[in-house]
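Please model the complete structure; the sequences and the hints are all you need to start from.
Protein sequences, first through last, are from chains A and B.
In terms of my numbering, the first sequence is residues 1 to 112.
In terms of my numbering, the second sequence is residues 1 to 116.
It is possible that part of the hints are untrue.
[Unchecked claim] Here are the computed lysine to aspartate or glutamate pairs in the EDC-like style, where the Cα-Cα straight-line distance is at most 16 Å:
| hint | chain 1 | residue 1 | chain 2 | residue 2 |
| --- | --- | --- | --- | --- |
| 1 | B | K103 | A | E100 |
| 2 | B | K58 | A | E105 |
| 3 | B | K49 | B | E64 |
| 4 | B | K49 | A | E100 |
If you're looking for bench data, these hints aren't it; they were derived computationally from the structure.
On a predicted model such as this, the values are computed, not experimentally measured, just so you know.
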Amino acid sequence: NAGVTQTPKFRVLKTGQSMTLLCAQDMNHEYMYWYRQDPGMGLRLIHYSVGEGTTAKGEVPDGYNVSRLKKQNFLLGLESAAPSQTSVYFCASKLPGVGELFFGEGSRLTVL
Amino acid sequence: AQSVTQLGSHVSVSEGALVLLRCNYSSSVPPYLFWYVQYPNQGLQLLLKYTTGATLVKGINGFEAEFKKSETSFHLTKPSAHMSDAAEYFCAVSVRGSSNTGKLIFGQGTTLQVKP
Numbered sequence: 001n002a003g004v005t006q007t008p009k010f011r012v013l014k015t016g017q018s019m020t021l022l023c024a025q026d027m028n029h030e031y032m033y034w035y036r037q038d039p040g041m042g043l044r045l046i047h048y049s050v051g052e053g054t055t056a057k058g059e060v061p062d063g064y065n066v067s068r069l070k071k072q073n074f075l076l077g078l079e080s081a082a083p084s085q086t087s088v089y090f091c092a093s094k095l096p097g098v099g100e101l102f103f104g105e106g107s108r109l110t111v112l
Numbered sequence: 001a002q003s004v005t006q007l008g009s010h011v012s013v014s015e016g017a018l019v020l021l022r023c024n025y026s027s028s029v030p031p032y033l034f035w036y037v038q039y040p041n042q043g044l045q046l047l048l049k050y051t052t053g054a055t056l057v058k059g060i061n062g063f064e065a066e067f068k069k070s071e072t073s074f075h076l077t078k079p080s081a082h083m084s085d086a087a088e089y090f091c092a093v094s095v096r097g098s099s100n101t102g103k104l105i106f107g108q109g110t111t112l113q114v115k116p
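Here you go:
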């Protein structure tokens, strides 16, 4: 049972470089989310999607872009990485309604 | 706007002692309430949730939480701590109703240390 899979799990970037984090879920979930986790700040929502082809901004969207071209995939892009984007990124997915949010294992990104 | 406050970033208990992790929320209407646990180098797992009905909610691994509307609280408890309970715990809220998009607002997290 794969659930929610994030790639890559670790990445080191230099300031100004770009990269894409991939999230894939095999549970046929409509809703998908990208969070970042920083010490003492909990998880903060970056962007989310309530269906294929739709995306919306969360609490901290600046510096990130997302795409949901396929229902099972949700991509998070950094066009020009900054040290402030050093964080652990989590993808999550769920069905509509008040159900459980399923999380991936996280992607640790360091921007030098 | 909704917000969640977890009182105490670190809580330390002895094995076998009561665990109490505090969570207060701010919302114009009572939200949906959740507790998640995160073990080292893993994603978050749902412990329990309150949506409607009985205000005392039981979750996995012997944890429970009580929704108290008058106190805007949703504290997490476990009668007897086990070493395996050492982890980070997050309280979260989600807006109730037709505008629910499932997005959660998380508290800052509380790290639970269990001493032998």
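Hints versus structure:
Of the supplied pair hints, the one linking K103 (chain B) and E100 (chain A) holds, its CA atoms being roughly 11 Å apart against a limit of 16 Å. Between K58 (chain B) and E105 (chain A), the direct Cα distance comes to roughly 25 Å. Violation of the 16 Å bound is thereby established for this hinted pair. Only pairs whose Cα atoms come within 16 Å are accepted, and K49 (chain B) paired with E64 (chain B) is accepted, the gap being roughly 9 Å. With a C-alpha separation of about 9 Å, the suggested pairing of K49 (chain B) with E100 (chain A) holds against the 16 Å cut-off.
Violation of the numbered hints given earlier is confined to hint 2; every other hint is satisfied by the structure.
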